[in-house]
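Asker: Chains as they are written, first to last, in the working numbering: chain A, 44 to 310; chain B, 12 to 352.
Read the hints as simulated data drawn from the structure, not as lab findings.
Incorrect hints may have been included.
Stretch-level coverage of chain A by chain B, calculated; a stretch enters the list once three of its residues show a Cβ under 8 Å from a Cβ in chain B [claimed, not checked]:
no.: 1; region: 175-183
no.: 2; region: 195-201
Some but not every residue of chain A turned toward chain B, in silico, with C-beta under 10 Å [claimed, not checked]:
no.: 3; residue: 187
no.: 4; residue: 191
no.: 5; residue: 231
no.: 6; residue: 281
Since this is a predicted model, take the numbers as computed values, not measurements.
Backbone N, C-alpha and C define an ideal beta-carbon position, used for all residues, glycine too.
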Amino acid sequence: MRLMHLFLLLFFYLLPCIGYAQAGTDWVLTPADTDKVEIDIRATFNGNTLVPGKKAYVNAHGDTFYVDAFRFYITNFAFAGSEVVNGHCIRGMFECDSGETHLYDLLDTNTYSFVLKKIPPAVYRDFTFTIGIDSFKNTSGANGGDLDPTKGMYWAWNSGYIMAKLEGHSKVCKTLHNAFEFHIGGYMPPNDASRRVSLPIPEYFEVGRPSMPTITLNADIAAWFNGIDLSKVNSILTPGKEAMMMADNYAKMFTIESVDFTPLNAR
Amino acid sequence: MKYLILVCLFAIVICLSSGFDNGMKEIKFIIPDGWPKPVYNLSKNKLTDEGFKLGRKLFYDPILSRDGSTSCAGCHTQWSGFTHVDHSLSHGINGLKGKRNSLTISNLAWNTSFMWDGGINNLEVQPLGPITNHVEMDNSLENVVKTLDTAKGYRTRFYLAFGDSTITGQHVLKALAQFLVMLESFNAKYDKYIRKEPGGEMTEQELSGLKLFRDNCETCHNEPLFTNNSFQNIGLAVDTVLKDYGRMNITRDFHDSLRFKVPSLRNVAMSYPYMHDGRFKTLMEVMDHYSDGIVEGPSLAIELSKPMILTPEDKKDLIAFLQTLTDKEFLFDLRFRDWRD
Numbered sequence: 044m045r046l047m048h049l050f051l052l053l054f055f056y057l058l059p060c061i062g063y064a065q066a067g068t069d070w071v072l073t074p075a076d077t078d079k080v081e082i083d084i085r086a087t088f089n090g091n092t093l094v095p096g097k098k099a100y101v102n103a104h105g106d107t108f109y110v111d112a113f114r115f116y117i118t119n120f121a122f123a124g125s126e127v128v129n130g131h132c133i134r135g136m137f138e139c140d141s142g143e144t145h146l147y148d149l150l151d152t153n154t155y156s157f158v159l160k161k162i163p164p165a166v167y168r169d170f171t172f173t174i175g176i177d178s179f180k181n182t183s184g185a186n187g188g189d190l191d192p193t194k195g196m197y198w199a200w201n202s203g204y205i206m207a208k209l210e211g212h213s214k215v216c217k218t219l220h221n222a223f224e225f226h227i228g229g230y231m232p233p234n235d236a237s238r239r240v241s242l243p244i245p246e247y248f249e250v251g252r253p254s255m256p257t258i259t260l261n262a263d264i265a266a267w268f269n270g271i272d273l274s275k276v277n278s279i280l281t282p283g284k285e286a287m288m289m290a291d292n293y294a295k296m297f298t299i300e301s302v303d304f305t306p307l308n309a310r
Numbered sequence: 012m013k014y015l016i017l018v019c020l021f022a023i024v025i026c027l028s029s030g031f032d033n034g035m036k037e038i039k040f041i042i043p044d045g046w047p048k049p050v051y052n053l054s055k056n057k058l059t060d061e062g063f064k065l066g067r068k069l070f071y072d073p074i075l076s077r078d079g080s081t082s083c084a085g086c087h088t089q090w091s092g093f094t095h096v097d098h099s100l101s102h103g104i105n106g107l108k109g110k111r112n113s114l115t116i117s118n119l120a121w122n123t124s125f126m127w128d129g130g131i132n133n134l135e136v137q138p139l140g141p142i143t144n145h146v147e148m149d150n151s152l153e154n155v156v157k158t159l160d161t162a163k164g165y166r167t168r169f170y171l172a173f174g175d176s177t178i179t180g181q182h183v184l185k186a187l188a189q190f191l192v193m194l195e196s197f198n199a200k201y202d203k204y205i206r207k208e209p210g211g212e213m214t215e216q217e218l219s220g221l222k223l224f225r226d227n228c229e230t231c232h233n234e235p236l237f238t239n240n241s242f243q244n245i246g247l248a249v250d251t252v253l254k255d256y257g258r259m260n261i262t263r264d265f266h267d268s269l270r271f272k273v274p275s276l277r278n279v280a281m282s283y284p285y286m287h288d289g290r291f292k293t294l295m296e297v298m299d300h301y302s303d304g305i306v307e308g309p310s311l312a313i314e315l316s317k318p319m320i321l322t323p324e325d326k327k328d329l330i331a332f333l334q335t336l337t338d339k340e341f342l343f344d345l346r347f348r349d350w351r352d
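My request is simple: use the sequences and hints to build the entire structure.
Answerer: Right, here's the structure in full:
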């Protein structure tokens with residue numbers, strides 16, 4: 044029986060290597076570092092790294108503002124591309140899904156990067172993800188990790204997650220402390236504020252090499268202010284039409300800034 | 012001699028375990044015969060003795076409020092069916108008044124939504140409402156976790172319940188849910204009548220009340236849970252001070268104006284006053300409302316658009332029936348008491 048287990052183990056460990064040997068590659072696979080993709084997120088304003096607090100920014104409407112908080116959920120990752128067999132890409136789409144949930148927080152540098160696991164080896168051309176939390180997780184009770192309601196991204200009076208949050212202040216806001224607050228959420232149609240974002244990967248992007256590839260995402264908050272006059276719209280705290288408009292704005296904030304293949308030991 | 016020692020040891024173990032157990036029975040969630048499938052997903056929150064006891068401790072501990080003054084039990088006392096009896100509007104921290112009458116707590120596993128406006132979608136996140144409400148506990152879950160982390164005994168209890176002494180918001184809510192879901196009421200005289208058990212012998216008046224109930228009330232307060240979980244406008248004039256439009260505050264749909272959750276009628280005789288703002292002190296006032304007090308409006312429940320004709324005798328019979336929904340085994344169940352453990 045034990046011998047059987049050993050054989051099975053060996054078989055499953057060797058199986059991927061056999062596959063790659065056939066593909067004619069000359070590098071050695073270690074199962075741990077071949078199915079992962081690192082995602083780095085850089086928050087920006089018009090391409091410049093976003094600094095919370097004292098740095099002033101001017102939005103498209105001409106309002107000067109400062110950013111105090113910026114958080115969002117990024118979830119349900121999917122890659123689409125072509126499987127590699129015998130060194131050649133097979134035609135047709137090959138998709139994989141990762142149910143990971145990540146909370147980005149501008150004020151916590153630990154949240155700036157994270158790793159997606161179990162991404163099958165392939166050449167990928169599209170990277171897709173959701174900003175926000177799907178309706179299943181919005182109704183499934185008390186979740187843990189980044190979804191723990193202690194993370195300040197959960198509404199108590201009307202259950203549901205805040206998908207994304209941008210807070211700051213501007214003299215044009217005639218509010219307490221000149222604050223503007225955009226807490227965007229809502230999971231029930233027609234006011235579902237989650238947004239699916241699909242981005243073409245600009246360079247050749249292969250998963251399955253010994254080095255872990257990195258995708259650097261740029262989240263540019265300038266998109267939040269499209270069509271927004273801060274003196275009039277400065278507080279969105281409930282699901283509804285205004286939240287949906289803002290969700291359409293933040294759906295456009297992402298671009299892929301770069302793709303990096305530097306081997307892990309060279310970083 | 013050997014056997015004697017064994018028997019003695021066995022007896023000691025039995026005594027000790029029952030002594031430490033506060034006389035508690037095994038933790039078992041019961042789905043009574045003929046009841047529908049529960050809505051709450053018990054498979055994602057395994058009920059354990061440790062989890063239940065931790066939830067119970069949290070329910071009775073004012074540590075959940077910002078200044079340590081107000082517990083869940085403050086507005087939800089067991090003997091009244093877990094509500095705030097004799098208070099039209101429940102009050103919380105600093106004696107501040109809320110704008111609604113606290114709901115009873117029983118058979119929550121079958122609830123599809125929570126609160127009078129149904130704003131909360133899952134039993135596990137329900138406690139977030141009162142914990143964060145400024146006139147109830149005025150706290151945050153972040154702060155609850157921080158406070159519990161330094162409070163005596165809690166880390167050990169969380170370890171026993173969840174195998175992790177790091178206290179998280181998720182585990183606070185899961186523990187509370189374990190206690191809340193166990194608050195089941197299905198042993199009233201009515202239940203025994205349905206099950207044809209001893210103690211379920213109804214009087215003629217009660218049986219007449221049951222017939223009247225089935226003719227007039229059953230659509231919304233349907234058996235065995237005595238609610239269909241819907242939201243209805245039952246023709247209560249809006250209070251000009253509170254200006255509470257109920258469900259519309261959540262859905263933003265004017266069709267939902269003045270609609271409130273249909274509350275379960277279990278233990279209703281113990282849970283006065285009545286309605287979302289506690290405007291009626293007695294069940295007779297409630298009867299009078301249904302027979303003579305309906306205020307018409309666009310969102311009025313269709314069932315109430317025709318007058319409900321009830322004679323004074325009918326009203327007494329109906330009340331007699333409603334009293335058969337009082338479940339003393341539930342109201343005085345030792346498992347649900349504050350054990351200070």
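Asker: Taking the hints in turn, state whether each one holds.
Answerer: Here's how the hints hold up against the structure:
Three residues within the 8 Å Cβ limit are the bar, and the region 175-183 of chain A against chain B gives 3, so the coverage statement holds. Look at the region 195-201 of chain A against chain B: 5 of its residues bring a Cβ nearer than 8 Å to a Cβ of that chain, three or more, so the hint holds. Hint status for residue 187(A): holds, given a least beta-carbon distance of 4 Å to chain B, under 10 Å. Restraint check, residue 191(A) versus chain B: the minimum CB separation of about 5 Å is within 10 Å; hint holds.
For residue 231(A), the suggested interface contact is upheld, since its CB lies about 9 Å from the closest CB of chain B, less than 10 Å. Among the interface hints, the one on residue 281(A) holds; its C-beta lies about 8 Å from the nearest C-beta in chain B, closer than the 10 Å criterion.
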